[in-house]
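From first to last, the protein sequence lines are chains A and B.
In terms of the working numbering, the numbers along the first sequence are unbroken and rise by one, the last being 415.
In terms of the working numbering, the numbers along the second sequence are unbroken and rise by one, the last being 423.
To be clear, the hints were calculated from the coordinates, so they are not data collected in a lab.
Keep in mind that the hints are not guaranteed to be accurate.
Unchecked claim - Once the Cα atoms are required to be at most 30 Å apart in a straight line, the calculated DSSO-like pairs of lysine-lysine come out as: (1) Lys282/A - Lys161/B; (2) Lys120/A - Lys195/A; (3) Lys314/B - Lys282/A; (4) Lys62/A - Lys102/A; (5) Lys341/B - Lys14/A.
Computed from a prediction, not measured in an experiment: that's the story for all the values here.
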Amino acid sequence: MIKIENFELKNGLKVFYLYNPQSLISFLQVWYHFGSAQEEKEKNGIAHLIEHLFFKGTDKIKETEFSRIIQKEGGSCNAFTSEEKICFYETIPSEKLEMIIKMEADRMENLKITEENFEKERKVVLEEYKERIQNQPIVKPLIEVRKEVFGDHPFSRDPAGCEETINNIKFEDVLRYYKDFFHPKNCTLIIVSSKEIDGGKEIIEKNFGIIEKEGKIPSPIPPLLKPSKEYVEKKIPLKATIFSKTFFLPKKEAFYFPLNLLHNLIGGDEDSILKREIQEKKFYVLQTGTFPFFSNSGTLFLFFTLNLPFVKKYNFLKTIDDLLKNKIREVLNKEKFEELKGRLAISLLSSLNSTEKIGLYFADCIISRGNPEYFFKDYETIKNLNIEEVFETLEVLRNSSFCEVLLKGSIWQKT
Amino acid sequence: MAENIKFFYFNHLFPPVHYLQIVIPKGSLSEPVEKKGIMEILSENLFIYSKKYKEELKPIFDRLGANFDISVSEEATLITLKVIKENFEKALSILLDFLHYPAFKEKNLKSSKKQAIGNLKISLTDPQIVSEMHLFDFVFGKENPLGKSQTPKTTKNIKLKDLISQYERLKDTRNWGIFISSPEEEGKIKEKIFRTLSKYELKNLDLFELKEVKLELKPKVRIIPKKDMTQVSINLLIPAFPRTSIDYIPLKTSFYSLAEGGFSSRILREIRVEMSSTYGVLGSYDAFKDIGYLQISGMVKNNDFQKTVEIIEKLYKEWKNEGINVEELEEAKQFYLNSFKTIKDDPLEWGSFLLKNHIQDLPENYYEILIERIKNLRLEDIKEVNKKLLEEIPFWVFLGEEKIIKPVAEMVGEFEIKSYYDI
C-alpha cells in the first residue's frame with residue numbers, strides 16, 4: 001500500500017517520496033540545511049529573514065502571490081527556521097502537486113530580492129521579534145538564560161535574532177547567503193502524495209533537475225556535549241519560581257525510544273512519577289514535568305518545576321538525583337515497562353491520521369534521525385525494545401553533564 | 001441509549017486504527033461564571049478512576065493498544081478514542097464505563113487545579129492573551145459565560161461537589177453524536193458500536209440552559225495601560241450572525257477578503273505588506289448556534305498605531321458598504337470549496353466538522369448545502385449581507401503604553417481605562 005522511494009538528482013538534490021494511495025492531498029517539504037547556528041554571530045537572524053524573503057516572489061510570481069495561489073487551491077503554506085534548518089511546507093490537492101513543485105523550484109533559483117523588499121521585510125521581522133520575544137516578559141529572560149547555558153556554542157543564539165543583529169544585516173549579506181546556501185546540493189525535498197512515484201519523479205526531474213545553481217555547504221555545527229555553566233540564576237516577572245535541570249547527551253539513535261519512554265514514565269504524562277509524587281503531594285508545586293529534545297547536534301533532557309513564588313530553596317535537585325538513582329528502578333518493573341511500550345506504540349500509530357501528519361513524521365525520520373526506513377520499522381522497534389536498553393540509557397543520562405537554572409519570580413507583578 | 005444518538009461513518013485504510021469521536025453538546029458556555037474552567041478540569045478528571053475498575057484507565061488502555069483525548073470548546077465536549085482494530089469493542093466498552101461510572105478524587109482535582117493555575121500565571125504575562133480576555137469582558141460583561149474568562153480565582157472556586165454536578169449535565173444523551181473512522185465497513189463497525197452502547201441505560205436530564213447573550217453598547221474603546229511595551233495590541237469585535245443563520249455563508253466568504261484570508265485579505269496586505277507595521281493583524285469569524293462575531297487582532301508598531309487604526313476603520317467601512325470585487329469573490333469561493341479536500345484528508349477533522357453541524361442542529365446534508373451555496377454566491381448577496389452589519393466598529397481594546405494608546409482612544413470615541421489584571 002504505502003511505498004517509499006529515495007533518489008538524488010544530478011545537481012545533488014536529495015528526494016524522499018512517500019506514496020500513499022489513500023491521501024486526498026499532497027504534503028511537500030523543502031528543507032534547506034542551514035539554520036541560525038550557522039550564521040555569522042553578528043548577523044544572527046539572517047536565516048529567519050531569508051525565510052521571510054522566500055515569500056517575496058520571483059519574476060513569475062508576484063509579491064504575496066505565493067500564499068494566495070496555494071490558498072486558492074484550498075491548500076496552505078508556511079515555513080520555520082530552527083538552529084539547524086529552514087523548512088518550507090505546503091499542503092495542496094494532489095492534482096496541483098506539479099504546480100507547487102514548480103513554484104518551489106522557481107524560488108530556489110529565482111527569488112526576487114530587491115533593496116526595497118529587503119528593507120520592508122526586515123521591519124516585519126523586527127515586529128515579529130518584538131511580538132514573540134521583546135514584549136513577552138517570560139520569553140525575554142529565557143533568551144538570556146539560553147545565552148549563558150550554551151555559552152560559545154552557536155545554539156546560544158535564538159533563530160529570531162535580536163534588534164541589534166537584525167539591524168546589522170545588509171542587503172548584500174542576504175544576497176550572498178541566498179547564493180551560497182540555497183541550492184539543490186544543500187537541500188532535501190520530502191513529498192507525501194497520492195500521486196504514483198513514477199509520475200512524481202518525472203515532475204521533480206523536470207522542475208528541480210534543471211536547476212544548475214551551485215553554492216557552499218555550511219560548516220558543520222559542533223556537537224552539543226556540555227553546558228557552558230553548571231548553574232544559572234535570573235529574575236523573571238512572574239508570580240512563580242521555576243527550577244530546571246537539563247542533561248546533555250550525545251546524539252545517538254539508540255537513545256530515541258528509551259528517552260521517550262523515560263519521559264512518559266518520569267514527567268510526560270498525567271500518571272508520571274513527578275506528577276504523582278511532587279505535583280499532587282507538595283502544595284507549593286504548581287506544575288512539573290520533563291522534555292526530551294532531539295537535534296542533530298545533541299540530545300537534551302530537561303526536568304522542571306513551576307512553584308509558588310515564595311519557594312526560594314527547594315530540594316527538587318535532590319529529588320531528581322534520587323529519581324535517577326533509585327526510584328525509576330523501583331517503579332519500572334516488567335509489567336510497567338510493557339504498558340509504557342504499548343503507550344508509545346499506539347501513540348505513534350494513531351498519530352498518523354492525515355497526510356500532513358504522515359509527512360511530518362516521515363521528515364523527522366529523515367531529517368532528525370537520518371533514515372527514512374524508520375517510518376516502517378519504528379512500530380516494531382518499540383515492540384522489541386528491551387528493558388535493559390532503557391536502564392542503559394538511564395545510566396548515560398545520570399552520568400551526563402548538566403545545567404541547573406533558577407528563575408526567581410516575584411510576589412507582585414509589574415504591569 | 002443508542003437510539004438517541006446520531007451516527008456518522010468514514011472509511012480509511014491506513015493506519016490500522018479505529019478513530020471514534022463522541023460529541024456531547026456541553027462546553028465552556030455551560031459553565032457557571034464564578035467557576036470558569038470547570039469543564040476543562042472535569043475533562044481531566046473524568047477518565048482517571050471508575051467505580052467499576054480498581055486500576056486507572058491509562059495502564060488498562062496501554063495494554064489494549066488504545067488511547068484517548070478529550071477537548072472542550074465553547075459549545076461541546078469531544079471525546080476521541082484511538083484503538084488498534086482487534087481491541088475496538090473492548091476499549092469502547094471500558095471508555096464508556098469510565099464515562100458513566102467515574103470516581104472523582106480530591107487529590108486529582110487539586111493537582112489539575114494547580115496545573116491550570118500554573119498555566120494561567122504564564123498566559124497572563126502575554127499581552128495578546130490578556131488583551132483578548134479584556135475584549136470579551138468589555139463586550140459581554142463578567143456575568144456572561146462568553147465574557148468571563150477563567151482566572152486563578154475561578155479555578156480555586158471549583159470544589160469536588162461542583163465537579164460532580166457539572167458531570168451530571170454531561171450524562172444527558174440527547175443530542176450526542178458519534179463519528180467513527182474505520183478500516184472496517186460501515187455495517188460491521190456500526191453493529192459493534194451499538195452493541196456496546198446498548199449496555200448503558202441513561203436518563204434524559206434537564207438541559208442546562210445557556211444564559212442569554214446580550215450585547216450592550218457601552219463606550220467604544222477600552223484601554224489597558226502597560227509599561228515598557230514596544231508595540232500596541234489591538235483587538236476589535238463586530239457582532240455578526242450565528243452559524244445557523246442564512247447570512248453566515250455570505251459573510252464568511254466576504255470576511256475572507258477583509259481579514260480572514262491571510263495575504264488574500266485587505267487588512268494584512270495594507271498593514272504588513274505595504275506599511276511593514278506588523279507581523280500579523282488577522283481576522284476570525286467565530287460562529288456558534290446562537291451567536292456569531294467577527295474579531296480582528298494583532299500587535300502593531302507604536303509609531304504606526306494611529307495610522308493602523310485609521311486604516312482598519314477605513315477598510316471596514318469600504319468593505320461593509322461596497323462589499324468585495326469579483327476577483328476577491330472568486331478567490332474566497334475557491335478557497336472554501338477546495339479546503340474541504342484538506343479537511344476530508346484528516347478523518348478527525350472531518351468528524352469534528354460533522355459533529356459540530358450536528359450539535360448546532362444544522363440539516364443532515366449541511367455539507368452539500370454549504371458547497372452549493374458557496375458555488376452560487378453572487379456579489380449582490382454579499383453586499384446585502386454586509387449592509388446588515390453595524391455602521392462602525394463598535395468595540396475596540398488597546399493595550400500598550402498609555403501615552404501612545406490614550407490619544408488614539410480619544411480619537412476613536414468614548415473610552416474607559418482598566419488595569420491589566422482586572423478581568
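These are the hints, each one checked on the structure:
1. Lys282/A - Lys161/B: holds (23 Å)
2. Lys120/A - Lys195/A: violated (39 Å)
3. Lys314/B - Lys282/A: Roughly 55 Å separates the two Cα atoms, so the pair is violated.
4. Lys62/A - Lys102/A: holds (15 Å)
5. Lys341/B - Lys14/A: holds (29 Å)
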